[in-house]
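Asks: Below, each chain spelled out in residue letters.
2 protein chains.
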Amino acid sequence: MEPVTSLPTEIADRLKRTPDGLVPAVVQQHDTGEVLMLAWMDDTALHRTLTTGRATYWSRSRNEYWVKGETSGNPQLVKEVRLDCDGDTLLVKVDQVGVACHTGARTCFDHGLLDA
Amino acid sequence: MEPVTSLPTEIADRLKRTPDGLVPAVVQQHDTGEVLMLAWMDDTALHRTLTTGRATYWSRSRNEYWVKGETSGNPQLVKEVRLDCDGDTLLVKVDQVGVACHTGARTCFDHGLLDA
Chain H
1 MEPVTSLPTE IADRLKRTPD GLVPAVVQQH DTGEVLMLAW MDDTALHRTL TTGRATYWSR
61 SRNEYWVKGE TSGNPQLVKE VRLDCDGDTL LVKVDQVGVA CHTGARTCFD HGLLDA
Chain A
1 MEPVTSLPTE IADRLKRTPD GLVPAVVQQH DTGEVLMLAW MDDTALHRTL TTGRATYWSR
61 SRNEYWVKGE TSGNPQLVKE VRLDCDGDTL LVKVDQVGVA CHTGARTCFD HGLLDA
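Chains as they are written, first to last, in UniProt numbering: chain H, 1 to 116; chain A, 1 to 116.
Quick caveat, the hints were computed from the structure, so don't treat them as lab data.
There's no promise every hint is true.
Note that the list lumps identical chains together, so a pair holds whenever it fits in one copy or between two copies.
Pairs of lysine to any residue, SDA-like flavour, derived with a Cα cap of 25 Å [stated by the list, open to error]:
#  : residue 1 : residue 2
1  : K16       : L114
2  : K79       : G69
3  : K16       : D31
4  : K16       : T32
5  : K16       : V97
6  : K79       : T32
7  : K79       : P19
8  : K79       : H30
9  : K16       : G73
10 : K93       : R48
11 : K16       : A105
12 : K16       : R106
13 : K16       : V99
14 : K79       : D115
15 : K93       : R82
16 : K16       : D110
17 : K93       : T9
18 : K93       : S72
19 : K16       : S61
20 : K79       : V97
21 : K16       : D115
22 : K16       : S59
23 : K93       : T51
24 : K79       : L22
25 : K16       : G112
26 : K93       : L113
So that you can see chain H by itself, here it is in the shape it has in the complex (with noise of 0.2 Å):
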């Protein structure tokens, strides 16, 4: 048997995608529950999250894919990840090495609360 190298046809299936063949990824620490970031898989970022246990993203400004952690030294290690109802929203539960923010604060939304 060849080994699996590209998502599985009963996963590829259910994703229902961008025009771009992107599907948003809402990326959580599996025990605290924080909101860590969105970012955006494809079928192959979404294949490696599953078969390496590090969440791997599309880069939309870079056009590449992107290993988290992988310049910055801070890793998502994968628990689990979850198809929502409807196929276009994926949930990556990780436990996050240090933080998951460029501008070095835990999550990417610790500064941005909103006022009416």
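We have chain H; now place chain A onto it with these hints.
Replies: Below, chain A alone, put in the same frame as chain H:
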């Protein structure tokens, strides 16, 4: 003075929207940390969410504003709204009355565990 009838400029200027004028909103139960769903907001939906205290979205399938719970009887009472570091994602912390998912599940991710 005129009452504020649209999103304040200091918030609107920080939003990075999709070509359709939308920003994804991660919706989280404020006390348990459960991620309930992902929905989409335009400036008006965000303004209504901030000023009415009821989570209000833009429905991409129905092309209309959608006050969560108005038909289902399961509203989301808004506790706080945060914008992420790069202005392209909202985090809406709510008190979800009843269930969040149209399937009757508590969250839209309850039944979506993916295997590698």
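Asks: Can you name, in rising order, the numbers of the hints this structure does not satisfy?
Replies: 3, 4, 5, 7, 9
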